[in-house]
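Trainee: Here is how the chains run, residue by residue.
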Amino acid sequence: MANVKTTPQDMPPAGGYSSITYERIFLKKFFKRSVALAFFVWGVGCVGYYYSYRFKFRTLAEINGARNVLFATLVAERDRAYLKQIRKNRDFEREVMKNVPNWVVGTYYGEPIYKTLVDKYRREDCKEVFSFTDLYSYLYLNHRYTIYGGTPWRF
Amino acid sequence: MVQTESIVLPSVDELNVNEVNLTYPVLKAAAFHLGKYCEFKNNEFMLCKCEQSDPRECIEEGKLVTACTLDFFKQLKKHCKDEFSQYYNCIDKASFNYRFNPCRKTQSVFDKCVLNNLNIERPMFGYYAQVKVHDSSRPKPKYNIIEFPVYAAPVSRDEPLLPPKYNSRRLWSQ
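Note that the protein sequences, when read in sequence, are chains Z and L. Going left to right, the first sequence walks through residues 30 to 184 as the numbering used here numbers them. Going left to right, the second sequence walks through residues 4 to 177 as the numbering used here numbers them.
Some clues are possibly wrong.
What follows is a list of derived Cβ distance ranges for each label pair [stated by the list, open to error]: (1) Arg123/Z <-> Gly129/L: 47 to 57 Å; (2) Arg152/Z <-> Met127/L: 33 to 43 Å; (3) Arg83/Z <-> Val15/L: 42 to 52 Å; (4) Thr162/Z <-> Arg160/L: 49 to 59 Å.
Computed list of lysine-lysine pairs in DSS-like fashion (alpha-carbon distance at most 30 Å, straight line) [as the list claims (entries may be wrong)]: (5) Lys85/Z <-> Lys168/L; (6) Lys145/L <-> Lys149/Z; (7) Lys149/Z <-> Lys168/L.
Hints listed in this document are in silico derivations from the structure and should not be mistaken for laboratory results. C-beta atoms are modelled at their ideal positions from N, C-alpha and C, and glycine is treated no differently.
Next comes chain Z alone, as it looks inside the complex (with noise of 0.2 Å):
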């Protein structure tokens, strides 16, 4: 029996058999959990802006879509009391200056305001317009920007 041959035996491989791992392992961590939190509000944020956004324009179309209409019969209102009021004016400077020597109505002594445009039309400033109503509706339609936030009123 000891002429018998065998296959080798099976043995360790060299240097030994490695460690058994009994330890438990974590997945790999892409981000330290603050920065996973701060991604995290961040698209909060986002998604909030956006709704806000839309909300507000489709609000805001809303409303201009309104004052588009509203335009016309607010201008042509607004017209008729611009020419009353520029007659006014006009009636009101020739009752006043009718003493004065060589005075001409819309003149300064004879000598036109515009020299370009003598016996022509223009559109008057505000200030021109207003010069002889009350203070208070000046203020109110010129300054109301500053205290209700409208826009101030333009010929």
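Dock chain L against the given chain Z, drawing on the hints supplied.
Mentor: Same frame as chain Z, now just chain L:
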């Protein structure tokens, strides 16, 4: 003042018409249907305003706009008074700056009434912000386009110097 005696201004009787004596929330509440009802007249008036820089040219169109607005509000008063007053009260009191958002329920009631009685449907969202083509029978305005010569006429040295046309511009050079 700027207006001289030779400038023709319209008389007061010509300018006195029945004005629309309504506050802003009432006008705003009816704005969308009003825009449909008076669309052509509003467009005519705004076209006139864009073409002419003179408010005396567009008085007649403006009177038509005011008359149309008054007519619309009279019809509203006749047919949908309760619904409309409910709606503009909501717009007036629900928010500090007259927003449409808090008043959708009263708005739907009002819309239904206007659709049934005046046969005007509320236009789609953003209708009045769109660019639209307006077919008008108004004649095209004549613009005075000044034509300048290509080059100035030659001046000889013998001609006398004229006084400056627009005061002295050459204050430092002279």
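Trainee: Check whether the Cα positions of Lys149/Z and Lys168/L lie no farther apart than 30 Å.
Mentor: holds (19 Å)
Trainee: Is the Cα-Cα distance between Lys85/Z and Lys168/L 30 Å or less?
Mentor: With a Cα-Cα distance of about 55 Å, the restraint between Lys85/Z and Lys168/L is violated, given a limit of 30 Å.
Trainee: Can you let me know if the beta-carbon spacing of Arg83/Z and Val15/L is within 42 to 52 Å?
Mentor: holds (50 Å)
Trainee: Does 33 to 43 Å hold as the CB distance between Arg152/Z and Met127/L, or does it fail?
Mentor: holds (37 Å)
Trainee: Could you check the hint for me, namely that Thr162/Z and Arg160/L are 49 to 59 Å apart, CB to CB?
Mentor: holds (57 Å)
Trainee: Taking 47 to 57 Å as the stated bounds, is the beta-carbon spacing between Arg123/Z and Gly129/L within them?
Mentor: Once the Cβ atoms are compared, 51 Å apart, the range 47 to 57 Å for Gly129/L and Arg123/Z holds.
Trainee: Can the restraint linking Lys145/L and Lys149/Z be considered satisfied, given a maximum Cα separation of 30 Å?
Mentor: Given that 30 Å is the threshold and the Cα spacing comes to 17 Å, the pair holds.
Comparing the model with each numbered hint stated earlier shows that hint 5 is the single one that does not hold.
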